[in-house]
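A.B. asks: Start from the sequences and build out the full structure, keeping to the hints where you can.
The numbering of the sequence shown is this note's numbering, which starts it at 1 and goes up by one.
Errors might be hidden in some of the hints.
Pairwise CB distance ranges, derived in the manner of DEER restraints [said to hold, decoys possible]:
1. Gln175 with Gly31: 26 to 34 Å
2. Asp111 with Thr187: 34 to 42 Å
3. Gln192 with Arg30: 13 to 21 Å
I should point out that these hints are in silico values taken from the structure, not numbers from a laboratory. Where a beta carbon is used, it is the ideal one built from N, C-alpha and C, also for glycine.
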Amino acid sequence: MRGRFVTFEGVEGAGKTTQLRLLTEHLISRGERPVVLREPGGTSAGEVIRNLLLNPSSSLTAEAELFLFLAARAQNTALVIQPALEKGQWVLCDRYSDSTIAYQGYGRNLDLATVKEMNRLATNGLEPDLTFVLDLPPEVGLARQASRNRMEGEPLPFHERVRKGYLTEAGSAPQRFRVLDACQDITRIHEQVLTELQRRGWLP
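C.D. replies: Put into C-alpha cells, the structure is as follows:
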C-alpha cells in the first residue's frame, strides 16, 4: 500500500517545523517510521543547494533561484520521497512544490503557468496527499525570527504576496489543502492536524 505524503507550508515564522515535529512524534508513538524532510534539502545535493539559496550573501536572479529550488526538489523526489511512498511509509516534508508556486510565482512575479509546469517536471507529477498551510500575517511571523536568511530578509510586500499565493492556491484545491490559523496555540494547531488526518481515515 502506498504511503501518505503530507506537507507543511506557510510564510516565514508560521510554525511549520514545530507542527511537523509534533506530527512526527505522534506517528512514531503509534509505531510508524515516517520519513521526515525539509526543502530545499533532503539529499546531499539538496543540502548544498539549500546553503546557497538561503545564504544572505548569495546574489541570485529570480530565474536562477527557481532553477536551484527545482533541482533540489527533483533529487529529493526521485531519491527519497518516491521510494519511501512505494514502501508504504509516511513522508512528512517541511515545504514542497507549493513553496515554489508561492515564493517564485507569486512572490517573485514569475509566470505562474511556467512555474507550475516546471514543478511538474521536477516532481514527475507527484503532489502531496495533504498540505497544511499555516496562515498568519507575515509581519507576525517575521517578528518571531531571531535571525533572517536570504528569503526571510525580503521586504514585507514580498511576503504579503507569498501569503496571498498560498491562500489563492489553497482555495483552488480545497480537497488537498487545509488552512490553519497559525496565530493559535501550538497544541491547538496540532490537535487540528490530527483531526484532519482522522477525518480522512488515515489515523484512528
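A.B. asks: Does each hint hold? Answer for all of them.
C.D. replies: Outcome of the hint check:
Checking the proposed 26 to 34 Å range against Gln175 and Gly31 shows it holds: the Cβ atoms sit about 28 Å from each other. For the pair Asp111 and Thr187, the supplied restraint of 34 to 42 Å holds, since their beta-carbon distance comes to about 41 Å. Under the hint 13 to 21 Å, the C-beta atoms of Gln192 and Arg30, about 18 Å apart, fit the expected range.
Against the hints set out earlier in the document, no violation occurs for any number.
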